[in-house]
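Take a look at the letters that make up each chain.
Number of protein chains: 2
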Amino acid sequence: MLLSKSCIYGMRAALYLASSSNNKYISIKQISNDLDISPHFLTKILQELTRVDLLESQKGPTGGVRLKRAGDEVTLVEIVAAIDGMDLLTECALGLPGCGTAKPCPLHEQWADTRDEIKKMLQDTTLSDLVRKGKEGNLRITADGSFDWLPKEN
Amino acid sequence: MLLSKSCIYGMRAALYLASSSNNKYISIKQISNDLDISPHFLTKILQELTRVDLLESQKGPTGGVRLKRAGDEVTLVEIVAAIDGMDLLTECALGLPGCGTAKPCPLHEQWADTRDEIKKMLQDTTLSDLVRKGKEGNLRITADGSFDWLPKEN
DNA sequence: CATATTTAAGACCATCTTGTCTTAATTATA
DNA sequence: TATAATTAAGACAAGATGGTCTTAAATATG
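These protein sequences, in sequence, are chains A and B.
At position 153 of the first sequence (counting the first as 1) the number is 153 in my numbering, and the numbers step up by one without a gap.
At position 15 of the second sequence (counting the first as 1) the number is 169 in my numbering, and the numbers step up by one without a gap.
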């Protein structure tokens, strides 16, 4: 698997938040309901994103979480880095420590190129990019496609 | 992590076997010694590769495992498919079942391209390709670089 | 044929990831 | 101020992966 489940859930939730126009606090319970993710588990994941300042949170009634920066200023690589770490984008495909141009493994060259493609994709894609695409095509971010991208207009 | 440890170990062992010119049976114990991999664990992994006919094995003294086909006819994707399965190369990056051109997720387009790059890399790289590179540059397939690519000449 | 060596098979345990639950702290609001 | 709602924190359970060990089956060789 490329990304852990935690990371995937984090990305889906970030997309959810980025699709909200007014950027008000939204409760994790609502997010977990709409995205069909276990609420406690999602809470733990979003706490991590709050800790690294991708989200901000507020407790109590009317509390919840929201993006700390605008969606067009948050790229996927930041979410991946926060949850899965940068290992995928830096480590050797054969698992050899210190593998690099100076001390490569036989697969290093090929994998370095491929790895850079992944990195570029994650760096070049913002939350807003995906929200735009999602709203235009009414695409799904849940298994059953129940998420509605509301509100549709900004 | 892109590939599981089992898969990485399987690839390293396959490289080891492909680097042997005469393709005689080599005991798993010797491989595990030279590559510094737990012998029992490696045995289990190589059994899997034997099961899918990438390797063939013989029991008893002078027994061991060897490549069933020539190294230039075995690509990395076969090893990955045998051990980790094809999930990495077919599944949605957001984990949505049935994600594809017909019913995409917002990230589908980008990820499909990137995924194809990974696939192409694994499909285009043969064991012999890596052995050649390894012998030419005396590159390592162990953490400490102790593997010697013997014999150097074929 | 007896023995030693090797793979095959699977039980078993450790560690990591995934997921659940409980309690505490915070805060809006009646 | 009391209450209810919410995040924060962390203990705990379940499941997957990584790794060890034991026993059985096969086989080369003395």
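Honestly, I wouldn't trust all of these hints.
What the hints assert, rightly or not - Cut-off 27 Å, straight-line C-alpha distance, at most; resulting in silico cross-link-like pairs (DSSO-like, lysine-lysine): (1) B/K274 - A/K119; (2) A/K5 - B/K287; (3) A/K103 - B/K159; (4) A/K119 - B/K273; (5) B/K274 - A/K5; (6) B/K287 - B/K273.
Honestly, the hints are just simulated from the structure, not real lab data.
The hints, checked one at a time:
no. : hint            : result
1   : B/K274 - A/K119 : holds (17 Å)
2   : A/K5 - B/K287   : violated (36 Å)
3   : A/K103 - B/K159 : holds (21 Å)
4   : A/K119 - B/K273 : holds (16 Å)
5   : B/K274 - A/K5   : holds (25 Å)
6   : B/K287 - B/K273 : holds (20 Å)
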